[in-house]
Amino acid sequence: MTEKELRPTEKKEAARTRAEGTRGVPYFSPAVDIYETEGELVLLADMPGVDSSAVEIDLKDNVLTLQGHALQTHTEGMTPVYREYREGGYYRQFVLSEIVDQEKISAEMSHGVLKVIMPKVSKAKPRKIQVRSA
Amino acid sequence: MAVIRFQRPMNDIFAEMERLRNEIDRIFQEGFGGVFTRERTGVFPPVNVYEDKDRYVLTAELPGVKPEDVEITVTEESVTLRGQRKQEDGGEKANYHRREREYGSFRRVVSLPDRVDPNKVEATSRHGILYVTLPKAEDVKPRQIKVKSAD
Chain A
1 MTEKELRPTE
11 KKEAARTRAE
21 GTRGVPYFSP
31 AVDIYETEGE
41 LVLLADMPGV
51 DSSAVEIDLK
61 DNVLTLQGHA
71 LQTHTEGMTP
81 VYREYREGGY
91 YRQFVLSEIV
101 DQEKISAEMS
111 HGVLKVIMPK
121 VSKAKPRKIQ
131 VRSA
Chain B
1 MAVIRFQRPM
11 NDIFAEMERL
21 RNEIDRIFQE
31 GFGGVFTRER
41 TGVFPPVNVY
51 EDKDRYVLTA
61 ELPGVKPEDV
71 EITVTEESVT
81 LRGQRKQEDG
91 GEKANYHRRE
101 REYGSFRRVV
111 SLPDRVDPNK
121 VEATSRHGIL
131 YVTLPKAEDV
141 KPRQIKVKSA
151 D
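Protein sequence lines, in the order shown, are assigned to chains A and B.
Taken in order, the first sequence gives residues 1 to 134; the numbers are from my numbering.
Taken in order, the second sequence gives residues 1 to 151; the numbers are from my numbering.
Quick caveat, the hints were computed from the structure, so don't treat them as lab data.
Think of the CB as a built atom: it goes at the ideal place given N, C-alpha and C, for glycine as much as any other residue.
Each hint should be verified, as a subset may be incorrect.
Chain A regions said to be covered by chain B (calculated; three or more residues, Cβ under 8 Å) [stated by the list, open to error]:
1. 45 to 54
2. 68 to 76
With a Cα cut of at most 16 Å, we get these calculated EDC-like pairs of lysine to aspartate or glutamate [what the hints assert, rightly or not]:
3. A:LYS115 - B:ASP89
4. B:LYS93 - A:GLU38
5. B:LYS53 - B:GLU138
6. B:LYS53 - A:GLU76
Start from the sequences and build out the full structure, keeping to the hints where you can.
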């Protein structure tokens, strides 16, 4: 089972090694759900405020990089009076095991949630092993 | 705002300095311009409130919550957000590697800094952020007073 696991890169490490944005916009580590079904690995990431056109998904050397860039908001030019969250982009990396069919990865964005569907390659699908009695 | 009393005994001067220092620290922590900053309230969803001269705009981060699953109630001085963040998963056959996202219902009340007109409130949802536009009540809007010349 260990080889099927997605391993996240440490949040702080990822932020430190990453090139800074020129606009000084902060990048946050989005909360994710990752689950596995028989045929695919699915990742859901909360990226409120990000439009589908502002998402970049990159897969290089088994490292899956998710980036969502912040859009201009409706509150531009207004004075903040109360603040509980900061606006910004999202950035997170995961190390993928090789069982994912890299060519067939698909993604969609709905109400600020990114969904990445990664089909498993057929040879990694679980097989039932027959145990014969000797 | 703390009331500063006059005629403090001299031996209280250090206590007074300490109080001042704490007050300055508090101002720095809360940010300039009187913006009250709280990163975590322990209540979902986190909200920001903005203003200009005729309205407040409340924004709330609600990723994965459909507009039809949010109920907004507005009084003259508060906004209540209720709703449900529904679970999206692969069904019973799904095995989880990670589960950081929260699901469930929420109910949150936000007090507004000043009175608004509840009849003119509009709400829109965009990319998982809810925007509630609350026009200020007529009598609390800032008014410009023209100075007439008495010549």
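Going through the hints against the structure:
no., hint, result
1, 45 to 54, "holds (count 6)"
2, 68 to 76, "holds (count 4)"
3, A:LYS115 - B:ASP89, "holds (11 Å)"
4, B:LYS93 - A:GLU38, "holds (7 Å)"
5, B:LYS53 - B:GLU138, "holds (11 Å)"
6, B:LYS53 - A:GLU76, "holds (14 Å)"
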